[in-house]
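S.K.: Based on these hints, arrange chain B on the given structure of chain A.
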Amino acid sequence: VADREPHASDRRPNGDMTQPTRRDDHASHDLLLIAAGADRDADDTTRAAADRQAAECAECSELSADLRSIASGLRELPRSIPVLASRDFRISPDQADRLLRWSGLRRLLRPFGAGSASSLRPLGTAFTTLGIAGLLFTVLLPGFLNVGSGGASPAAAPAAIGAGATEPPIDKTVLSSQPSAAGQAPGATSAPAEAATAAPASSTAFDAFNSARSAVPTAQTAPAPLVVEPPASPWSFVTVLSLALLGIGVALLLLRLVANRLSS
Amino acid sequence: MLDSPDFTIAVRRTPQIAEDLRSRDASVDPIARRDLILLERARNGDLDAFNDLVVLYQDMLFALVARMVPDRDQASDCVQEAFFSAYRNMAAFRGGSVRSWISRIAINAAMDTQRLRKRRPAEPYPELEDDSWQPPADASADPVTTALETERHRALNRALAQVTDDQRAAIVLYDVEGYDYGEIASMTGVSLGTVKSRIHRGRLALRGLLADQMELFRG
Numbered sequence: 001v002a003d004r005e006p007h008a009s010d011r012r013p014n015g016d017m018t019q020p021t022r023r024d025d026h027a028s029h030d031l032l033l034i035a036a037g038a039d040r041d042a043d044d045t046t047r048a049a050a051d052r053q054a055a056e057c058a059e060c061s062e063l064s065a066d067l068r069s070i071a072s073g074l075r076e077l078p079r080s081i082p083v084l085a086s087r088d089f090r091i092s093p094d095q096a097d098r099l100l101r102w103s104g105l106r107r108l109l110r111p112f113g114a115g116s117a118s119s120l121r122p123l124g125t126a127f128t129t130l131g132i133a134g135l136l137f138t139v140l141l142p143g144f145l146n147v148g149s150g151g152a153s154p155a156a157a158p159a160a161i162g163a164g165a166t167e168p169p170i171d172k173t174v175l176s177s178q179p180s181a182a183g184q185a186p187g188a189t190s191a192p193a194e195a196a197t198a199a200p201a202s203s204t205a206f207d208a209f210n211s212a213r214s215a216v217p218t219a220q221t222a223p224a225p226l227v228v229e230p231p232a233s234p235w236s237f238v239t240v241l242s243l244a245l246l247g248i249g250v251a252l253l254l255l256r257l258v259a260n261r262l263s264s
Numbered sequence: 265m266l267d268s269p270d271f272t273i274a275v276r277r278t279p280q281i282a283e284d285l286r287s288r289d290a291s292v293d294p295i296a297r298r299d300l301i302l303l304e305r306a307r308n309g310d311l312d313a314f315n316d317l318v319v320l321y322q323d324m325l326f327a328l329v330a331r332m333v334p335d336r337d338q339a340s341d342c343v344q345e346a347f348f349s350a351y352r353n354m355a356a357f358r359g360g361s362v363r364s365w366i367s368r369i370a371i372n373a374a375m376d377t378q379r380l381r382k383r384r385p386a387e388p389y390p391e392l393e394d395d396s397w398q399p400p401a402d403a404s405a406d407p408v409t410t411a412l413e414t415e416r417h418r419a420l421n422r423a424l425a426q427v428t429d430d431q432r433a434a435i436v437l438y439d440v441e442g443y444d445y446g447e448i449a450s451m452t453g454v455s456l457g458t459v460k461s462r463i464h465r466g467r468l469a470l471r472g473l474l475a476d477q478m479e480l481f482r483g
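So the protein sequences, as listed, match chains A and B.
The opening position of the first sequence corresponds to residue 1 in the numbering used here, with each subsequent residue numbered one higher.
The opening position of the second sequence corresponds to residue 265 in the numbering used here, with each subsequent residue numbered one higher.
Isolated chain A (complex conformation) (with noise of 0.2 Å):
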């Protein structure tokens, strides 16, 4: 091998090393199309592509032949099979009593069963999870959030957002009666601090203690119109949609429902 001479410059292969398109490569042709042209009812575009596509490809044209081979073979199937000797498919005059029972209801959910109203269904689903989406968001979301928080109960955080507290109640309560309470003794709502600092020096961190909780009963006691905000009503706008979306959802995934069982 080692002597052998190499090829000559004008035999080397030295150009692109291409993959020619064979036409006769079955693998990438449209069997479907030769189905298509087997097919007794096939129109005569489909029928001359497909018998041009066989015509230059063997397998194609071996398909196209067993395709219409299995077609005959279907047609010869026998078309009627004795049922059973044991079997009677004869209504009796029970039967037929107990079938014709709500004919009158079934007439009247006829156009809603199979078929009639194909959107029924799909439109009955998305009410319904419309409605369990805006329950969840309204009810469960803010509870959870609160509780996320170290807030109040899930019960109670309806309320507390929609009436915009982000604090306690008491909280709001003093600080809404703090401007006739200022009025009267002024510096009281300090006066814990100013006792904490004070404590040090004069008495013991107890008596500080006690001296401040004097001073607060002496500012809420004052005789100042408490703004207590009612709660809100859990009922909301969002609330009261999301359950009547519910309930259409839920109602028209029934109707759908039992229209499918009267008209079966």
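Keep in mind that a hint or two might mislead.
Unchecked claim - Covered by chain B, according to a simulated footprint, are these stretches of chain A (three or more residues, beta-carbon under 8 Å):
(1) 28-36
(2) 60-71
(3) 93-106
Unchecked claim - Reference excerpt, derived from the structure (chain A facing chain B, CB under 7 Å, subset only):
(4) L74
(5) R75
(6) L77
(7) R79
(8) P82
(9) V83
(10) R87
(11) R90
(12) S118
(13) F127
(14) L130
Hints were generated in silico from the structure; no laboratory data involved.
Glycine is no exception: its CB is placed at the ideal position from the N, C-alpha and C atoms.
M.R.: Structure of chain B alone, referenced to chain A:
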């Protein structure tokens, strides 16, 4: 006596019933016309007329359904359900072919059964292995030809049991029952293109399944 002026020929004066709703084909085809008359009588409360239709179509429906559902008992149940449903919904029949109408109901029952069971037949229908499923052979038929035909039917039924439910329904309706694309589309509730696609893909699948038995069909 026959030329007596008093002699009259009895003629039926009652008009033919159930003519107004019929399509042109139904009025020409005697079988379709017979079916329509029976159905009209059944709609007027004649249960025997409906049972005549049951007797006329039970074998045909059973053959149709038996190729779609796994076993013979299930097929029987489907046919029974189809007749019940047809009786309940007689009032909804709007003319046309009674055979197509009953077939559509049976196909829907079979498809519902298949959907509910959610299972494909793991084995070919055992009943189809039974020779009683084959039509009685002609006395003059060549035994070899008869045996070949029986074998061909078995192979086809076995392969049919392995394609998808939709493809099987489309192939049975088109090739075995001889319905056209439009009728199958209205029976199965899908578009014409979907019917064609199911038939063509189903046939390709059948050819793949029958690859090692194609000699039976090429002869």
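S.K.: Each hint needs a verdict: does it hold in this structure or not?
M.R.: Evaluation of the provided hints:
1. With 4 residues having a Cβ less than 8 Å from any Cβ of chain B, the stretch 28-36 of chain A passes the three-residue criterion, so the hint holds.
2. For the stretch 60-71 of chain A, the proposed coverage by chain B is satisfied: 7 residues have a C-beta within less than 8 Å of a C-beta in that chain, meeting the threshold of three.
3. For the stretch 93-106 of chain A, the proposed coverage by chain B is satisfied: 7 residues have a C-beta within less than 8 Å of a C-beta in that chain, meeting the threshold of three.
4. Taking 7 Å as the C-beta cut-off, the interface hint given for L74/A holds, the closest approach to chain B being about 4 Å.
5. For R75/A, the suggested interface contact is upheld, since its CB lies about 6 Å from the closest CB of chain B, less than 7 Å.
6. For L77/A, the interface hint holds, the least distance from its beta-carbon to any beta-carbon of chain B being 5 Å, beneath 7 Å.
7. Hint status for R79/A: holds, given a least beta-carbon distance of 6 Å to chain B, under 7 Å.
8. For the restraint placing P82/A at the interface with chain B, the shortest Cβ-Cβ distance is roughly 6 Å, inside the 7 Å limit, so the hint holds.
9. Against a cut-off of 7 Å between C-beta atoms, the interface hint on V83/A holds, since the closest Cβ of chain B lies about 5 Å away.
10. Of the supplied interface hints, the one on R87/A holds, with its beta-carbon coming within about 5 Å of a beta-carbon of chain B, less than 7 Å.
11. Here the hint on R90/A is kept, as its CB sits about 4 Å from the closest CB of chain B, short of 7 Å.
12. Because the closest C-beta pair between S118/A and chain B is about 9 Å apart, greater than 7 Å, the hint is violated.
13. For F127/A, the interface hint is violated, since its Cβ never comes within 7 Å of a Cβ in chain B; the closest pair sits about 25 Å apart.
14. For L130/A, the interface hint is violated, since its Cβ never comes within 7 Å of a Cβ in chain B; the closest pair sits about 28 Å apart.
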